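Colleague: Residue-level listing of the chains:
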Amino acid sequence: MNLLTGVLFLPLAAFLVALVLPRNSGAGRTWALLSSTGIFAASLGLLAYFDRNLGGEQFGVDVPWIQSPDIHFAISVNGVSLWLILLSTFLTPICVLISWNYIKDRGKEFYAFLLLLEFGLIGVFLAQDLFLFYVFWEVCLVPMYFLIGIWGHDRRIYAAVKFFLYTMAGSVLMLAAIIYLYVRAHTFSYPAIVDMLGSGRLVFSSQEELLLFLAFFVAFAIKVPLFPLHTWLPDAHVEAPSAGSVMLASVMLKMGTYSILHYCLPLFPGAAHSCAPWIAVLAIIGIIYGALVSMVQPNMKKLVAYSSVSHLGFVVLGIFTFEQTGLDGAVYQMLNHGISTGALFVLVGLLYERRHSLEIKDYGGVATAAPWLSTVFLVTTLASIGLPLLNNFVGEFLVLQGTALANFTWTVWAAIGVILSACYMLWMYQRVFYGELGDEVKHHVPDLSPREWAAVVPLIVMMVWMGVYSQSFLPPVTRNTAIVLKQTNVNVSYRVQAPAAKSVEVAHAR
Amino acid sequence: MDVILFLVFALIAVVCAINVVVQTHPISSALSLVGVMGSLAVLYLLLGAEFIAAAQVIVYAGAIMVLFVFVIMLLNAGAEAKKGRSFMVQLLGVPLLIAFLGLVAFFVQRMYGDEAVSFGMFQKGGPKEIGQALFTTYLLPFEVTSLLILVAIVGAIVLARKEID
Amino acid sequence: MPANFGFNPADMTRFLPEILLAVFGTFLMVLDPILQKRASYAFGHLSILGLLAALGGSLAAYNNAGPAFGGMLVIDGYGTFFRVLTIAVGILTVLPSYRFLARQEAETSEYHALLLFSIAGQCLMVVANDLIMVFIGLEISSISSYIMAGYLRDDKRNNESALKYFLLGSFATGFFLYGVALIYGATGSVNLSTVRAHVLQQNAEPVLLAVAAALMFVGLAFKVSAAPFQIWAPDVYQGAPTPVSAFLSAGPKAAAFAVFLRIFYTAFEPIGARWEPLVWGAALLSMCIGNFAALLQTNVKRMLAYSSIAHAGYVLVAITARSGDGAAALMFYMASYALMNIGAFAAVTYLSGKGDRFVDVEDFKGLAKKQPMAAALFTIFLLSLIGVPLTGGFFAKFYIFRAALESHLVWLTVLGLLNSAVAAYYYLRILVMMYMHEPSEASETVEPLSTGLRLALVLPALGTLVLGIFPNWVLEFAGKSAAMIR
Amino acid sequence: MLSAVPISWFLTLSAVLFALGVAGFLFRRNIITVFMSIELMLNAVNLSFVTFSYHYKSVDGHLFTFFVMVVAAAEAAVGLAIILTVFKNRGTLNIDDVDSMKN
Amino acid sequence: MQLWLIPILPLAGFLINGVLGRRFPKSLVNAVAIGSVVLSFLWVVKTLLALGGLQEPHLEHYFTWIQSGDLTVNCDFMVDRLTAVFLLVVTGVGLLIHIYAIGYMAHEGGYYRFFAYLNLFMFFMLVLVLGASYLLLFVGWEGVGLCSYLLIGFYFDKKFATNAGNKAFIVNRIGDFGFSLAMFLIFRNFQSLEFSQVFTKASSAQEWVLTTIGLLLMVGACGKSAQIPLYVWLPDAMAGPTPVSALIHAATMVTAGVYMTARSNVIFNHAPGAASVIAIIGVATAFLAATIGITQNDIKKVFAYSTVSQLGYMFIGIGSGAYAAGVWHVVTHAFFKALLFLGAGSVIHALSGEQDLRQMGGLRKKTPITFWTMCCAWVAIAGVPPFAGFYSKDAILAAAYEHSPAIYWIGVITAGITAFYVSRAMFLAFFGEPRGHHHPHESPPVMWVPLAILGVLSLAGGYLFNIPEYLRDIFPPIHEADNPALVYISVAAGFAGIGLAYLMYVAKPGMADSVANALKAPYQLIYNKYFVDELYDATVVKPLVGGSRLVLWKGVDAGLIDGMVNGVGARARDVGSVLRLLQSGNIRSYAAWVLFGGVALIVMMGLAGGIR
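Protein chains in written order, with my numbering: chain A, 1 to 510; chain B, 1 to 165; chain C, 1 to 486; chain D, 1 to 103; chain E, 1 to 612.
FYI, nobody ran anything at the bench for these hints, they're computed from the structure. What you were told as hints is all true, and nothing was included just to trick you.
Some chain A residues near chain C, calculated using beta-carbon distances under 7 Å:
hint, residue
1, V135
2, E138
3, V142
4, I150
5, I157
6, L165
7, M168
8, A176
9, I179
No experiment lies behind these values; they were computed from the predicted model shown. All C-beta atoms, glycine included, are put in the ideal place defined by N, C-alpha and C.
Could you put together the complete structure from these sequences and hints?
Modeller: Quick look at the structure:
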């Protein structure tokens, strides 16, 4: 029992408490705000005690959970997951704030699900046992399903079911691969398996490795989402309530990218290397395609959703450069996307709360009616299109620089996405905020209230901070990605030297 | 002699069984079934199963079939109506049955091709042997069948009695 | 052997649960005329008492484990596990039946007596080590089930359900029996241990044995509603009284699977290479038929019937694995499946109202708004049926597919897991109805949870969660017992 | 001319009767006849038991036959009761009419 | 030396005005905005004085901005003589324009916002010139683009303004695309983005690498400095308030491309191919923009095309290796073009917003100060010796002649056209009879004082500031023929342009129209700016938007991909609907299935593995 366990289980405890609160009172939201802020404070403690000079995993906890098969409750935090956890704990209070008045029906349940989601998300990033990882992976699914399905917009059910099934379809393959790994390695422990791979006690034939890699990768790619597995995302985003969209875009998508980084690379370096060109091409297609489709969306949330496809393409591209710079950029971009796209969804949510529409054509002239809202939105827009001194720039730069080191042609194509991001975001901004002030907007769109300020300001601060002083964030990331790269490349050199692995197991699969 | 006996009663059994299947009126089927059971009893004797042969006649032909006939009478069941509807069943059923029969017969033929049965060769099928087995080796199943019968009684009562109120 | 047969007191202990069940069942009927109708709940209490006693009995029997009645029965961990399971299923069937029977104004004493008898039959099956004992146990269980399926004799659907179940069940039993006969022919015995010994010594005719195995497969696959013999299940589950459907989908099925595994892992284990492809195919077929056909169902009971076919498919995967792990996985699966399925049916019982009026998926609309507690508990069962982690259903699937992969059944695993993704769709539909729609007539008018129903929902829900979070307790026992079957 | 009947003839007869029982189940429409077909199947199995008993010169097969008879009796009681309720509710004994639940 | 104070002061101004400005009185806004720039300017002066001769660049390290793997980007500021020149121009001219704006914007809404943006612009522009690495330069580069966007779209309720803003930003982004690719290549090849390291390593790099980098840098410069093919945004950018046009779209921001290419001189020196491309682009832009300038009727549009054209000159200088000349032209152009714009602003102000030359006329008497100050700019841009434009333009043309006589000749023709269109604008605005229905009035001192100062600079700037001499250490003078004839020819071209304009617009006012009618087709082509906007719209924008909507979104995304996803679901249901047909409800058919299964099993079990 250490701080990390505390951070993980606090949301669960808060969830359980939320369940027994009286219905139809404000108790749910108050409790959610208090507890999620407390959890954030606790996670800050994690940051404080995290040794930035050490690479690798820290705060490790390893308790046997189930004896046979040997499953452990093993969690620890590294330089990458640390930030992702902070991102989750940071955004949860903000989600509570923006739902404060918006969620009127069954509020208690809403906040309970939000806390449960937080629990699952933190767990995914902490798990060091593949089985535990899968458990958390699926646990995230359920609250999000309800958040979309119950409190979403008109086509919420379609979106929720699609979200669930899509993710499920991917993750069952991953489950098969996890079990297969266990059968081969006799352990679910991720560090142990990596160690075995590194020391040659566990060798996969290349066909085996490829299939396992794909099984993991497809599950993650759906979550990311990587083109062409992305179609659940626009639906889920559009239909989800603001808080759901925020958590979905900001943290849930990172489950996929984090897992690619944390699992796909060290576990299957050979396959990762051989698939990298294909994946990079898909990522680049995603970048450009997402941007182009985003450009023509009539719906703000859909627009932001497709922009996520584009942004996450950068992350995947960065990971598959196998360059330190690219990996760092990818991680940084995950955080950036979490902050800036989260903020976009928060702000779009605020607009929706006012005007009850997500259609761009229903707006126009908001800048006159709500100058501060417009300003904040503008800053977020600029962050999202990668303006220097705001967060996304650093990430995009690192990713593209890493890509340039790996394959300059990729960079050329990917950089087109940077141009297009300006097109779709600014075009939307123009249509929503600029222009003549219509009556509807004039009467229904007031400026930010103090509560909304409280939700928005931290996000803006983070955008600037991360853009101006990335050294607050990057060093732990770098230490961790260096380890990942080492694991990836060491294994590759090993694989080259090893005698041709026996073609086992898969051959007699029936 | 044994062969003739066998052939005669086997033929009766088969003909009666076919009759069970082809008759449209249940009462004809029931009576044919009694015929099958009777001839089977003879064959049991041939195999040295005296007790079983008796039980066959008393329990099966006597009790169970009477129950059937009773119910047929009670429900005043007539000849069944000719309705199509089960083309698929016939299409599928006949070849399947032939296949089934062929397979089983083929296997049986291969397994027991040369052993022969002759009357009186096996004489341990009398009541004494049966009784002894029932109360020693088969004590448990024997006792448990009582539960089975209890269930049957309860079931019949539950389903068939009139409402009390 | 017969000569030195004597009454052995230990045998009675080992046979205690069945005795207790039979005694309580009889006692119930004796009390019927004495207690009259007004005390109808008393029969429920009594039958729970009887079941609890039997539960104690089976534990006592396990304390004194070993063969009984000259090898007719074998009291081992495996058998005890299933004895406890079927008895637990019995308790969970009685709980929602209080309300159900009261609602239908039906006789209670016979209902409970039949339930106890049926469970006695199942207990007998799972510890039987002799095919004739299996057969008799199976018949006791089945005949009681036939009656219970048609218990509301004025209900057309009940009649039809009972008739279909009875006719097809007897038909399949005919095949099973023929199989038993052939085994007797091939080996000269129907005692599983003896048969195994014969088979191992190559004394038996392998082809005859194979045909016998096929015929027994027909009978057993029918009882567990595995494809291609699943065909009766949807109609029967739909038509039977809801608590009975719950019982049918859990108790007899668990017992049949127990027997299935015991027979195929002991007697037919030596010819495993022959039957494995068949079970492979049956597993896949069951999963596919169950899941895909369920996609379009609107009647919840029928949907759950198809789902139970699909789950039979998953369990067959465990049998296909042909390993100790497979057996343990099957045991675990049956435990969690029984809990979640019976819980799901209890939820249906709760909502269905008099005469099972509300059994459509649409009727669940808005239940979460009106009865959040019931909806939440139902949600746990549905998530478990989907196989979401931290529920028993997930671990159950997990163990099964682990066993399968350890036996190199890669494709079966992949297809099975994909199937479970398909299955998610129809379970989600119920969740959608409960949580994401405005209340329907059914949820508007549904009465608050009665104590029996509350227990019938809460207990399996707790069980499902416990199996999902601390599966060790059950799994360890299952692993140990499974290792001993052979 | 054979002096003794080959045991396989008995077994084949049993198989024939079993098949005819199955045929009766498949082709008859009257529920009672269908039920009788099941009895025919059980009888066929009994013949097998007795024959095998002869083959092994053991009494066990007879006992099995005996138990099958008991089961058959119990089934008959319950089955006929079920048929009775069906008839009471539907007024028909045609098996094809009992198909209200499907798909 | 606390270089960081230079940009931080305007940033502070931006933050104060931006956050609190709405509640401030105008005077306070002015104090903050102007004060910060004044302080910044003074700090620049103080710094430069303190640094003295600046023989060696002065570098200050603040903190590490980005560190990942081999890549380290420091937040370092650097001052050398090139930077010093730009610092003075930016803060000096910037200050004047700030002051001017007090008057010009006095009656506009969003007053505080305007000054906040201007301050922000100053911040980024200063970061741009101070940054000691490409990435920091890029920060400023993008930042000024942002401010440009904000200020162009300052009247955000006007669609054309916001459209122009978007266009500016996006076209700039295309340029930045090239710039960033150049950066990536630089790091890939030189493992650093610091100027000092890059240039050390660049001299020994392969030529094709440098050529590629150079061309990509030029793409960036084309965007920012409005060169072909990316110049299209600048004329539209006139939608912004006039001081903005003066500051950003004439004096400072658009010269960032020149700064960047001049800064990268080492690369271009080793990549003659890329340099030639720059020169060609420059001369083409100069000529084409000048021709368009002839036909425009909006006074700001005339000057906008003029700016494009003059920027082309600067690139001729850069491309010809005469970096110093290019920078010199930046300086003089900053003076006279800022003056022209501010003067135009004054005219517009005088006419209450009228921008059409055809509605002006005779303003010479109504707004004398404006007229005379603008005359200073007129002579400067026309290349009349010895005013500012003459020096720098002459230096460029001389260098161009060395590089390629053809460029020189086109440059000379362009100089003539330049003189012509500026004169045309001047004549139309200030001479003849008033044509509009306005009541012009002279601008307040707060506006004309900056005009006057700029006027002086336009007249004497070339003589006072001998930039090539100052930058001698950085840009060694290239060998150029001392051919006085070249000077005479270009001066003559300038006078010819003025003369022709006088003829057409003052002496014989009807002549312009008759010429236009006589040359209808070419006139229309030029008047419509060679239909470049329409061409871009038809070949890039429309296909991209339409294609994205119809093909990618509706077709591929909704149709194909999502269709497949939903199709999987639908097929699953189809399978289900077939499977449920098995369930006929008929007991006998069920039995048939059981039998079928049984037989199948027996066959498989019995026959599997063969019958032994």
